[in-house]
Amino acid sequence: MSAFIEIMVSALILLGSAFALLGSIGLARLPDFFTRLHGPTKATTLGVGAMVLASAVYFTATQPGFSLHEIAVMVFLFITAPVSAHLLAKAALHRLSARPDTHASELGK
Amino acid sequence: MIRRLIPRPLLSITLFILWVVLNNEVSIATMMLGFLLALTMPLVVRPFWPDGPRLVRPGMAFSFALRVLTDIVVANWSVSRRVVGPIRNLSPAFVEVPLDVRDPFVATILASIVSLTPGTVSIDVDQNHWVLKVHALDAPDHEALVHQIKWRYEKPIREIFAC
Chain X
1 MSAFIEIMVS ALILLGSAFA LLGSIGLARL PDFFTRLHGP TKATTLGVGA
51 MVLASAVYFT ATQPGFSLHE IAVMVFLFIT APVSAHLLAK AALHRLSARP
101 DTHASELGK
Chain F
110 MIRRLIPRPL LSITLFILWV VLNNEVSIAT MMLGFLLALT MPLVVRPFWP
160 DGPRLVRPGM AFSFALRVLT DIVVANWSVS RRVVGPIRNL SPAFVEVPLD
210 VRDPFVATIL ASIVSLTPGT VSIDVDQNHW VLKVHALDAP DHEALVHQIK
260 WRYEKPIREI FAC
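Residue numbers (our numbering), protein chains in the order written: chain X, 1 to 109; chain F, 110 to 272.
One or more hints might be untrue.
What the hints assert, rightly or not - From the structure, some residues in chain F lie toward chain X, with a derived Cβ separation under 10 angstroms: (1) LEU120; (2) LEU131; (3) PRO201; (4) PHE203; (5) VAL223; (6) GLY228; (7) THR229; (8) ASN237; (9) TRP239; (10) VAL240; (11) ARG261; (12) PRO265; (13) ILE266; (14) ARG267.
Derived from the structure by calculation, the hints contain no laboratory data.
Note that the Cβ used here is the ideal one computed from N, Cα and C, for glycine as well.
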């Protein structure tokens, strides 16, 4: 494996973990449910995306032929992430409307 | 005849490519099994698949996908910066985007793109009034956000699917 590939794989892994970390920091710091939803749905897509790309580059370089099933991981991730976020958000919205006293104050935040 | 055998050519092609990619090798055996799956699976799932609009501009769909990908990367950066910065300066908001799209499938794609681009999550697609409810992490200017979603994402999608 050449130095260039090594640097590229390391950079991608670092980038991926950095975004995963930032997503977790967002999850911990943000004040309420709806803002917290932004952390994991976003940073994780790019975080996992970069790591998976690193895997594709590494195995393409070290093994014969192209390693492409990482692309499939990415595609499935990008399809499922919005769906889970949407379901979480909808559930939260239903809970809020079930308790009208907290509705206005939490929505307005 | 060919239409009845392959009701959704694009779905068949996607399944075939996905099968080969998942197996991570190009051999006669995987290709033959992939071919068989690409033929049978669309036939099996046909009753569940809604009759959506057809993809009329594949080239535009490709460049649009690239644009969305770059948007995801760029906006990820700005959201990350806001998350580590002072939280109190954020102005999270619920924003309602009136849609021109009248197709459930296309509206779902739009909602997914809004969710994938950082800073916004789509909460609800109201199919009675065709309003997309979005929660934004930091939206001091509601009008600007509505304008961005409508012109940057909805308009090209409507052109791609011709609806």
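Hint check results:
| no. | hint | result |
| --- | --- | --- |
| 1 | LEU120 | violated, 14 angstroms |
| 2 | LEU131 | holds, 5 angstroms |
| 3 | PRO201 | holds, 5 angstroms |
| 4 | PHE203 | holds, 6 angstroms |
| 5 | VAL223 | holds, 8 angstroms |
| 6 | GLY228 | holds, 7 angstroms |
| 7 | THR229 | holds, 8 angstroms |
| 8 | ASN237 | violated, 16 angstroms |
| 9 | TRP239 | violated, 17 angstroms |
| 10 | VAL240 | violated, 14 angstroms |
| 11 | ARG261 | violated, 17 angstroms |
| 12 | PRO265 | violated, 18 angstroms |
| 13 | ILE266 | violated, 15 angstroms |
| 14 | ARG267 | violated, 19 angstroms |
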